[in-house]
Structure formats: structure tokens, C-alpha cells
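S.K.: Here the protein sequences come in this chain order: A and B.
Position one of the first sequence corresponds to residue 69 (the working numbering), numbered consecutively onward.
Position one of the second sequence corresponds to residue 793 (the working numbering), numbered consecutively onward.
Keep in mind that a hint or two might mislead.
No more than 27 Å apart at the CA atoms, straight line, and that leaves these computed lysine-lysine pairs for BS3-like [as the list claims (entries may be wrong)]:
hint : chain 1 : residue 1 : chain 2 : residue 2
1    : B       : Lys-886   : A       : Lys-672
2    : B       : Lys-794   : A       : Lys-672
3    : A       : Lys-672   : B       : Lys-906
4    : B       : Lys-1060  : A       : Lys-79
5    : B       : Lys-990   : B       : Lys-794
6    : A       : Lys-386   : A       : Lys-354
Not close to chain A: a few residues of chain B, all C-beta gaps over 12 Å, as computed [as the list claims (entries may be wrong)]:
hint : residue
7    : Phe-809
8    : Ala-845
9    : Asp-882
10   : Leu-918
11   : Cys-929
12   : Ala-997
If you are wondering where the hints come from, they were derived from the structure by calculation, not from laboratory data.
For every residue, glycine included, the Cβ atom is placed at its ideal position computed from N, Cα and C.
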Amino acid sequence: MAQEDIRVTVKGQVQKPGTYAAKAGENMLDAVFAHAGGLADSRFSLRAVLVGGARGHFAAADELAAPLTSPAELMVVDSGSCLVNFVRLLFAYNKTVQAGYGGCPACRGALAAGARLLARLCTPLRSAADLTELERQAGVANPACPDQCSGLKPLASALDQWREEFAEHAAGHCRASICAELMLSPCNNACPADVDLPGTIALTQLGRYTDAVALGRHDNPFFLTCGHVCEEPPCQKNCKRLNFDDAIYSQSLHRYAGEKAARAAGGLGKALTHDTIRPGTKSGRKVAVAGAGPAGLAAAHFLARLGHKVVVYDRNPKPGGMMTYGIPAYRLPPATVEAEIAAIAALGVEIRGGCALGRNITLSRLREEYDAVLLALGNGKSRSLGIPGEDLPGVIPALDFLRQVADTGAAEVGRRVLVVGGGNVAVDVARTARRLGAEHVVMMCVEDRFEMPASPGEIQAAEDEGITISVLAVPLAFSGDGRVAGALCTAIKPGPYDVLGRRWPPAPLREAGRDEEYDTVIIAIGQMTEFDGLEDSGLACTKVFIACPDGHATSLPGVFAAGDCAGALNSVVKAVGSGKAAAFAIDRFLTGAGRKLNSPLRSKLGCSEGEYAWAAARRARMPEQDPAVRVGNFAPVELGLDDSRAAAEMLRCICAAKGGRQ
Amino acid sequence: MKPRQLKIARTASQIVFFLLLAALLVGTFCSVSLGGDYYLSCPLGVLQLTLGAREMLVGAVVSGLLLIGLTLLLGRVFCGWICPFGALTDWLRKPLARCRAARADGPALHPDNKVLKYGVLGGVLLAAGIFRSPAFCTICPVGTTCRTAGLQGVNFGLETATVPLILSLETVNRRFWCKVLCPIGALLAVFARFRLAKIRLPFAACAGCNRCEQACAMGNSPRQGHECLKTDPTVLQALIEYGVPDLLDRPGQYERAPQPLRDLLDAKAGSLSVSGAECTSCYSCVAACPVLNRQADKSGAVDQSAQISA
């Protein structure tokens, strides 16, 4: 029996706003992602759905997934919007525009007070008391009100679901980089490591390359590493230049400054030594860091500058974690990582390789010997598919494969390689296999093209190198006699939309199976933390991460956690940010004082320093090695900007960040 | 006129008036003969004279009203385009900024109290009434700049010290004197708020880059109109109808908005202006605005309506 369609109006940040007829059983997510074509801007994810216009409410997760029962008007908000600001504007509207809304004295008063408080929260006048007062006003309810106090509904439902975003505002941080008065610049505000990007660009413009690198490394000890590997950096999400064309290509400018500084100083190592980055006055406290990845080493860098004695343990012989063993050399030259790690060691940080937690050292020993312990173990274990034949020789977990290539520079992959997974690691693996001589490399992922977690630039680069991408497909089993020789693959039927617009969980169409021949299969479907050596330590863990309820402190006093093992981060710069925050948390634990590190270079200059010239150019194009040539070598694919391109790129920055004024 | 040309025009005007007032015209700015019985006089000087003499001198009042009339028409163009002391602070901007940077680590001052100058104005008028003479004129940096050197001879009196002394205040903040202390500016500001020619920036297309704010020597917030636009009831109604209430906050969204919405935003933005009592009409904000620069690039010249309209 055909049921009647439900009319749904979708507007806001979607591809095709309009009114659609939703079939029975469809939910709001179907309306947003299927009918309205998904989000307008692929750089953002779905943040909230306001149901019922300015006097409606923000739908909670279960409401989004529940079948629609009545006609609805949906306003779609993506993650580029600041919810506090969004609610502020709704309140300003509800307060002034009558539009048939009478309300009662109680809710009119609450609307006026709420509008004032929300406006304050978007400016430096904000305080924690504003939030408390706002929550009180949001709770105003008068059963006798002719309009059921509906003008207050957006605020009440937003506070229910995203109180932490309001709390961040009360503390002076806008996560979407929208509330301009709370920040130095959108790029600096969004950078997880809090790098003063306007300052580094200004110093580069002035030709003070060593200073620019020092200012970057003041906040991010892996500044130059990030110059190579920051993919879709957060700093470019709400760049002011997007008003005209593309965001500023800032990571390429970091790299440019680093290369110029190295040339001027006669070596990368020398270019990284600077007066402003020095070990602090000795505090006499000792800190152990387990894990020499970006999070652990960044924490060590800041702890050493705060004057603590730091020893970093790592189970691998070489430090660097994923930067050394995970990211292939064609994306990140090993010399850059080595130089930046050497600069951290030069601060007095001791790095002990080949020392695994649980095997050579235990957490309880570390707790006895040191005043504080930081666990930055990373996600070092590849997930497995759990299908027949996965234990055959020739079926390799992604990280083992990348590690072998990083160690020996070679691996036997044969002619045909199947890579299972659609993330950046899968792309790294596929491109590495291609460079090792595989002629036919297939990346197989359950997602469709637009849902793949890998960044679009990486996918494009992989396709340029002749890698086939097979979407909406999964392997069901691997077969072979003594070594993997083939895979039974099948198409999948995508599941229902989740809040990220991905269709999950997918269902394999078993009857459509086909046999494909492969010499090697590499599984790159994600990583997880290894808890080896932590089982009997009494450390509280969630299912996949070390539990840190607020900040970085764990359930054991004096033990902290940072990086991927404390929550999914998946990028170097986020790991650095996490390690940095943990370092200051440890310092507060050790000294009891909330100390900060200052650099005389920081917040002094904005991009507009000097004569401002308007540049009409679009984003500089990164020169790359020719795809036909680069599949035969591990030399960097991206060649770096030349002088004229870098100069033009720096002039594109229109944003007069408050640099020098704050 | 292209934004950049405005900057050149202003500098040219400052040079011409500096030479005229400080060197060539006999009588200096405080009262310049325009030929015959006509004079152009400093309105504050005239007001002090009137208070000091306790009687209305019709000729003096009329010559003082000339500048006030100009202010009612164009705002405080005197401060931005004519005043020789203001010109001096503009020309010495770079060395003064270096001094400012050098003392940046010193004790923090919060000198941007723009109301203070109205107090100074009151004090000056009170003093003129008490002493029965224009007492302030002897230490007025604008007047002394005019009187110190020129065809009328070189002045070696104590008042020569005024200009460097007041200039040293600039190490606290840009145009500190003009912003915080100048009683002439305060008097003109009273009339400038009713000015007819207003300066408009492209508030609807505003990129929120803050360049105008940084360019403003008077420490104003020229992009305030953008903030007003955001919470305008008609605009909010249209934006909520469209489904993106925070369209004006999001980079690039204005350019993608449908034409009727953009027309509404442009029309609303056209009714807002930057200028008020504290604007010296220097057009630095207009020259710095990347949106206007971009439009100029596209069309060859800035659309006049987007910039200046009477």
C-alpha cells in the first residue's frame, strides 16, 4: 500500500535547497543527503539541523535518524558555522521581528537578556558568568504563554546538545573561527598547535626566514614536517581569502621558509637553532614520555623548554613514530623529520629507542622513577578485516608494509596489488606499492568517491599515478595455495546515512561476488592503540582509547596521555597540539603554576606588515614531479614553491590579523 | 577614483596646505586672509576670542563659520587633509611607529579615551573666558606649527617646544593628539556627525579582514556597518528565509547568494556609513579595503556609489 509522501523543505548549507516529497520511512538525514544533494561545501561536515525555522529546535541525533512523520522545515548548519553566533542571530531575529510572535512577558524578557548575553559571548567581554546566566534564561518556561515560549527553543536545544561549544566561547575560543573578536586570525585560531601564521608569513615576507621558522617552531616543533604533510589543514577552513577565491596555501609557505632558512644558514640543522627556543631553567623534575611520535616529542620539546628533564622511550630503534615509519619518503623527506627531532634532542631531551613499554620497561617502574609520565603510544596496530584467508602470507597489514619500506627501502609486492581501505594510509600504501614496481594497483573501499576519508588531493595524485580506485566494494575472502593469489570481491549496498553523510554500515551483496587475482593484499582499514604492557597497571581505558575525562590526566595520578592513544586525531599537527596541551598540563601538575612560554616574535606582526598590495591571483599551483617519472622513485612529489610563486602567495593574504595589536 | 589615487590626493593636499599655512600665507592658519575683508579663521580661535572679548565680532564669527560649513559638508576634512600638525604626524609615521614598537614592552596605557578632548575643549573655552584672551592658542600645536617657520620669520620662543613635545605623545598611539586631546578636532567633531557626504564601504560583501580597522589612524572601527547589517531586522528575516542566518559571517557565502538577496543586502549596506564624529575623512579605510580593490581591478575604477555618496 503506497503511503502518502511527506513534504520536507530543506534550506541552508545544502547543494540543492528546496521542497521535497519524502517517502514513508525516510528520515531527516535522507532529506539532507539524498534529496538535497548533501552539504554545499565538501570541506565541512554536518553540524546541526534546525527544525521549524527560527522558533524551532535543533534536532538531536535520534530525531535525525527517526522516520519523518509530519511535514518539516529543515535549516542545515555545517561545521563552518559557529553555533553560538547562529543562535545569537536567531535570537536577534526572534527579539525584534514580531511575525505573529507575541510571547509572554517572561519569554520576551528572556529573549532580550539572551540576545544580549549571546552577543557578549561572541566578543572579548565574555565571561563564565554569562554562560551561567544564559542557561538560566534558556530554562525560562511559562505554561500560560500563548506561544509556549517557543522563541527560546533554539537556545535551549543548542545548550542541551553543544554546551561545550558555549563553554569554549565563555573561555574565549570559537572553534569555527567565525567570531573574529575572539581571535588573532582565523588561521591561528584553527591551528591545533596554535601557530602564529600571520607572523610567520610576515617574517617570511620580510626575508627573515630563520625567524619565521623559529616563530613557527615556538608553537609547533614539527613546523617544517607539517609544511610537507599538513593535508587540508584546519587553518584553511575559514580563511578570509575564501571570500574571493581559495584559501592561503600556508603549509607550502612554511616549507618555503624552511628551505630558504636552510640555504641561508648552510644546513637545516643550523637553521633550526634560534635564541628564542632554549631549554628552560632547571626545575629538577623528571618526566618520562612513552612514545616518540609527534605527540610525545612535541610534549618533550615543551617540557624541556619549561625546564624539566625529559626521557622519551620508544619501541622502535628510530624516533619519529608515524612520521618516520608511516609517512612515505615521497611525501615527507626523512631528512626534515630527522633535523627537527635532532633540534628537540638538542634541548636536552634524551631519546631511548628500542625500549618498549611492557617489554623493557613497565608503567609502574616509570611512575617510581619519574615525577610524571606521559603516554603517547599512538595507534600502532592495524585493524583487520576478520575474513577467511587473512592469515595467508602475502596479506600484509598497512603499517607493517610501510614500516618495512621505511626500514629497508624495499618490499616484494609482485605485479598486482590490492589495497583495502579508502583513507590516507590506504593511498600512501597504494602509491608506495606502485613505486615498488607493482603495475596494477587497486584501492578498494566500501565508501563512494565523495565519502572516502582520504583527502581529494591525495586521491587525485594516486589516480595520476595509475592507481585504480574501486568504490563500493569489499573483499569477502582471500585464497591461495601457500601465498595469497586471489580475492573474492563483491559490490556492496550502502547502509543508511549517518550524521557525517556516510552510508553505514554497508551490506555486501554476496551473490554478486567475483574472483580477482592479486599477488599481494594490503589491509589499510584503520589503526588502533596497542595496550600491551598496560593491562595490569590499573589505567582506565575506554574500548579503544586511554580514558582522559577532561584534558590529558588519566585515572592514575601523575600519568597523562596525549596523541592518538587518547582520542582519534589522525594528523601530525593535531598530535602536536595534543602533546603541547599535555606538556602544559604536566607542568601545572609538577609546579602548580599555569606557566606559559613566550616568544618575542609572537603576535608582533601581521601579514599586512609593510605596504599592502592587492594581488588578484588565485592560489599558487604546487609544482610536482611528472606522474610517469615519479612512480619510479621515492623523491618528494611536491617540489616546493619557487621565489616568485611564494611571493605571490604571501601577497594573497588579505586578512589584517590583529597581529601586533594584541 | 581608484583607492590608491585617493591616498596620493590626500598627501598632495597635505603638502600644499602645509606650504601655504606654515610658509607662504601671512597670518598663518589661525586666520588667513582670503583677500579684502574675507578671512578663513580657526573656529576655536574665534570662539575663544568671542568668549574673551565678551562680545560678538560679526566678521570674526563669519570667518570662523567657513570651516564649520566645510565640516558639515565633508566631515573633518580639516584634520585629514589640511591640518599641518596632522600632516606632520602622518609624515613622521614610520619613525614614530618604531618608537612605539620600542616601548611596546613598557607599562600598558589605555589612552584611547576619545571623550577626553571634549573636556579639553571645555577647559580651553573656560580659560579664554577667565583670562580674557585666547590662552590656548599660545600652546596650540596646530598654530605653532604654522607660526614656527615661514615667510613671516622664524620663531625662537618657548612655544617652539610645543610641536616636538606633542609629537612625542605619538609614541603612545597613532594620532594620539588628534584622537584624545585636540580641542579643535573636538569642536569640529560636534558638527562632523551631521556631515552630508558620507564614506561607505562595501559592508554587504565585507570579507571581515580587519584591514580598514588597522588602516584607521583614528582608531575607529570602519567595518562597524557590517556588524549593524548582520542584526538588521529586514536582513535577518531575508537570511533566515534563505536558511543561512550567518551568511555575512561566513567567507565566500555572499558571492554565492542569489541575486535578490544580494540586492537587498547591498541596498541595506548603502544606507550605512563609516563616518561619524571621529572620522577625519582620510579614506585610508577605502584605500585598504580588498573588496573595493578587487572591484577596482574588475571594472578599472571603483564604482563611485560604493565609495562616496552625498
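S.K.: Does the structure break any of the earlier hints, and which numbers would those be?
M.R.: 2, 12
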